[in-house]
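Colleague: Model the full structure from these sequences, guided by the hints.
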Amino acid sequence: MGRYCTWSADVLPRYPELLTQNSLTNVECAYVYFAEIELDNRLAGPFTVPFSSNNMTAKDLAVDLTYLRVARRVSWGEPAKRKEIEDGVSQAIKDLRTGKAKMMTSSIDTIQSVGRMPWSNTYK
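Going by the numbering used here, the residue at position 8 of the sequence shown is 1207; the numbering climbs one at a time, nothing skipped.
Treat the hints with care, as some may be off.
Cβ-Cβ distance ranges computed for the label pairs, FRET-style [what the hints assert, rightly or not]:
# : residue 1 : residue 2 : range
1 : 1213      : 1253      : 10 to 20 Å
2 : 1280      : 1233      : 13 to 23 Å
3 : 1251      : 1294      : 15 to 25 Å
4 : 1280      : 1308      : 24 to 34 Å
Cut-off 20 Å, straight-line C-alpha distance, at most; resulting in silico cross-link-like pairs (EDC-like, lysine to aspartate or glutamate) [unchecked claim]:
#  : residue 1 : residue 2
5  : 1293      : 1283
6  : 1293      : 1209
7  : 1282      : 1216
8  : 1293      : 1277
9  : 1280      : 1259
10 : 1299      : 1239
11 : 1280      : 1209
12 : 1301      : 1216
13 : 1280      : 1216
14 : 1299      : 1216
15 : 1299      : 1259
16 : 1282      : 1294
17 : 1299      : 1285
18 : 1301      : 1259
19 : 1280      : 1263
20 : 1282      : 1259
21 : 1293      : 1216
22 : 1282      : 1263
23 : 1282      : 1237
24 : 1301      : 1286
Since the hints were made in silico from the structure, they are not lab data.
It should be emphasised that the depicted structure is a prediction, and the values quoted were computed from it without experimental measurement.
For every residue, glycine included, the Cβ atom is placed at its ideal position computed from N, Cα and C.
Modeller: Pasting the structure below:
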């Protein structure tokens, strides 16, 4: 079971066309888990990761990243749709990293970034 989303409760309802892929096995481990790690990695600079389970923005992005991982691995789906989703995810992550967008919890609270990365000029 994923930290932010699950295959059956979150990914399949958004992308029911994935139900037609008989080659998908061990999906939670192979796709959801690594999509969540990718999300953590891409947002680790300005945010403290992992996110809490009530972070709806992380959940939303993890669902889309899972779809993208499945579509790439099984060479499935419409290329235009994949590109549109990939561009949307990249823009959302960029907006979160720059402060243009905020993360939201299930109780509609916003999550602030932790600010700039630590920096020191004394490292040798």
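Colleague: Checking one constraint from the list: CA of residue 1301 to CA of residue 1286, max 20 Å. Satisfied?
Modeller: Satisfied, since the Cα-Cα distance of roughly 18 Å is no more than 20 Å.
Colleague: Check the hint pairing residue 1299 with residue 1239 against an upper bound of 20 Å on the C-alpha distance.
Modeller: Satisfied, since the Cα-Cα distance of roughly 18 Å is no more than 20 Å.
Colleague: Hey, residue 1299 versus residue 1216, does the alpha-carbon distance stay inside 20 Å?
Modeller: Violated, because 32 Å separates the two Cα atoms, which is more than 20 Å.
Colleague: Are the Cα positions of residue 1280 and residue 1259 separated by 20 Å at most?
Modeller: Holds, because 17 Å separates the two Cα atoms, which is no more than 20 Å.
Colleague: Given the hint that residue 1282 pairs with residue 1216, test it: the Cα-Cα distance must not exceed 20 Å.
Modeller: Cα-Cα ~17 Å, so holds.
Colleague: If you draw a straight line from the CA of residue 1293 to the CA of residue 1283, is it 20 Å or shorter?
Modeller: holds (15 Å)
Colleague: What's the verdict on residue 1301 and residue 1216, does the C-alpha distance respect the 20 Å limit or exceed it?
Modeller: violated (30 Å)
Colleague: Compare the distance between the alpha carbons of residue 1282 and residue 1237 with 20 Å, and conclude whether the hinted pair is satisfied.
Modeller: Holds, because 17 Å separates the two Cα atoms, which is no more than 20 Å.
Colleague: Would you check the hint for residue 1282 and residue 1263, treating anything up to 20 Å between C-alpha atoms as holding?
Modeller: Holds, at roughly 12 Å.
Colleague: Taken at face value, is the distance from the CA of residue 1209 to the CA of residue 1280 at most 20 Å?
Modeller: holds (18 Å)
Colleague: Is 24 to 34 Å right for how far apart the beta carbons of residue 1280 and residue 1308 are?
Modeller: The hint (24 to 34 Å, Cβ to Cβ) holds, given that residue 1280 and residue 1308 are roughly 32 Å apart.
Colleague: Do the beta carbons of residue 1213 and residue 1253 sit within 10 to 20 Å of each other?
Modeller: At 18 Å between Cβs, range holds.
Checked against the numbered hints given earlier, this structure breaks hints 6, 8, 12, 14 and 21; the rest are met.
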